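With chain S fixed as given, assemble chain A onto it according to the hints.
First to last, the protein sequences are chains S and A.
Letter by letter, the first sequence follows residues 0 to 215 of numbering that gives the first Met the number 0.
Letter by letter, the second sequence follows residues 0 to 203 of numbering that gives the first Met the number 0.
Calculated directly from the structure, the hints in this document are not laboratory data.
You may find that some hints are simply not true.
Unchecked claim - Quick list of the computed label-pair ranges, beta carbon to beta carbon: (1) A155(S) to N41(A): 22 to 30 Å; (2) D151(A) to A207(S): 56 to 64 Å; (3) A29(S) to D105(A): 46 to 54 Å; (4) M0(S) to E74(A): 56 to 64 Å; (5) T152(A) to G196(S): 54 to 62 Å; (6) K98(A) to A29(S): 25 to 33 Å; (7) L5(S) to D151(A): 33 to 41 Å; (8) V44(S) to G17(A): 56 to 64 Å; (9) A192(S) to A60(A): 39 to 47 Å; (10) Q126(S) to G149(A): 53 to 61 Å; (11) E10(A) to R213(S): 16 to 24 Å; (12) E191(A) to R213(S): 18 to 26 Å.
In this text, all values refer to a predicted model and were calculated from it rather than measured experimentally.
Built from N, CA and C at the ideal position, the CB exists for glycine as well.
So you can see what is in the structure, the chains are spelled out below.
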Amino acid sequence: MIAALLKRDLAQFFPFTGSGAALPVVFFVAVAMLFPFAVGPDANVLAKTGGGVVWIAALLAAILPLEKLVARDIALGFFDQLRLRGMAEEAMMAVRLLAHWLSFGPPLLLATFPAAALLKIEGENFQILLLGLLAGTPGLAAIGLMIAALTASLRAGAALSGLLLIPLALPILIFGAGALARQDQVSLGFVGAISLGLVALAPFAAGAAIRAAREN
Amino acid sequence: MQAANPSLIAENLACRRGERLLFRRLSFRLEGGAACHVTGANGAGKTTLIRALAGLTSPYAGSVSREGALALLDERTGLDPDLPLGRALAFWSGIDQVKDGAAIMDRLRLTNLAEVPVGYLSTGQKKRAALARVLGQAAPVWLLDEPLSGLDTASQALVSALVREHCAGGGIALIASHQPLEVPGMTSFAIEDFAPAETEEEEA
Chain S
0 MIAALLKRDL AQFFPFTGSG AALPVVFFVA VAMLFPFAVG PDANVLAKTG GGVVWIAALL
60 AAILPLEKLV ARDIALGFFD QLRLRGMAEE AMMAVRLLAH WLSFGPPLLL ATFPAAALLK
120 IEGENFQILL LGLLAGTPGL AAIGLMIAAL TASLRAGAAL SGLLLIPLAL PILIFGAGAL
180 ARQDQVSLGF VGAISLGLVA LAPFAAGAAI RAAREN
Chain A
0 MQAANPSLIA ENLACRRGER LLFRRLSFRL EGGAACHVTG ANGAGKTTLI RALAGLTSPY
60 AGSVSREGAL ALLDERTGLD PDLPLGRALA FWSGIDQVKD GAAIMDRLRL TNLAEVPVGY
120 LSTGQKKRAA LARVLGQAAP VWLLDEPLSG LDTASQALVS ALVREHCAGG GIALIASHQP
180 LEVPGMTSFA IEDFAPAETE EEEA
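Just chain S, same shape as in the assembly (with noise of 0.2 Å):
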């Protein structure tokens, strides 16, 4: 059964192949290419600010598949049937968590390749960042699935989990970026933990939201 969810989410949310197109991806890349137009091609103003560009980009990317990624399947009674199934609303939220991140993370990962190319991040800074992200996408993907089940049942869901997510995302962001500013391992150690404590506490914390949800 678990298999099968996955199978479904992930051709739900993978860009080209689902609904969710590839628009994180293409807005990431967008802000990679327009920001050497805004600030000027001088590569050294480049490689100092253009890591905190790509991680801005992303933080804002994450936010983009939200709307879709619990409210409509709530609408749908999808969740409902699979609990009539006997499905925990705890694995059903784990296995969205995952294709959360497999729809978004991987492709930012290699969409990191053009974008640091055109912010002149080379060498021991694009390791930084690329191994930031891949530690910190999880973390990203683990608030997105949290905020996208509190906020389901609200009208205004969509608009309100980016405003919920940007505060939340903050220290990953700090350690992340802060990584590349200080040329610095150990804070890539932090935004790993970080993601790892999310990611451990979001189907939990989504699969309280979706009862309680039930409930109105």
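Structure of chain A alone, referenced to chain S:
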């Protein structure tokens, strides 16, 4: 296909929606082969009762106990609107391990619609699609919330026939509907009979 002795028992059930008490002191006991028709006006609490019986919400008071797997039909199909009907149903067929999926679709006159995205189906067609999902589940206990709404006369007769067959096979069906069904031996109650009196509501 059926559990040995399916049963659906409600004891002293009371449910609220928001702050309002919809019904209280509702008790019944359904055993294998029983069909029960719940009537009531819109907003009387039929859907609330069904969701509490399904275990999706917890009742305000009282308890529900059930033996055997449960299939739920409500106004939400559980089928992905972007997918063609055949593939949307195939997801649930895979989970429910349905072997005669084609026969079920044929029975509900859905075969010609297999390539049409669920989002494009009419209300009645969606209802039939959801019925196909329920049939595939082969659960002994059926909870049907307004199974007749949006259906044409032929399809309404088909629903009655499906319920008759299900109960003849030892299954339980509880149907909330304000339209009549032709099922012999079906018991019925009106949910309004369990609504609290005005004065009582004040106390609650």
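Here is how each hint holds up against the structure:
| no. | hint | result |
| --- | --- | --- |
| 1 | A155(S) to N41(A): 22 to 30 Å | holds, 27 Å |
| 2 | D151(A) to A207(S): 56 to 64 Å | violated, 42 Å |
| 3 | A29(S) to D105(A): 46 to 54 Å | holds, 49 Å |
| 4 | M0(S) to E74(A): 56 to 64 Å | violated, 25 Å |
| 5 | T152(A) to G196(S): 54 to 62 Å | holds, 59 Å |
| 6 | K98(A) to A29(S): 25 to 33 Å | violated, 49 Å |
| 7 | L5(S) to D151(A): 33 to 41 Å | holds, 38 Å |
| 8 | V44(S) to G17(A): 56 to 64 Å | holds, 57 Å |
| 9 | A192(S) to A60(A): 39 to 47 Å | holds, 46 Å |
| 10 | Q126(S) to G149(A): 53 to 61 Å | holds, 59 Å |
| 11 | E10(A) to R213(S): 16 to 24 Å | holds, 22 Å |
| 12 | E191(A) to R213(S): 18 to 26 Å | holds, 24 Å |
The structure does not agree with the numbered hints 2, 4, 6 stated previously, though it agrees with the rest.
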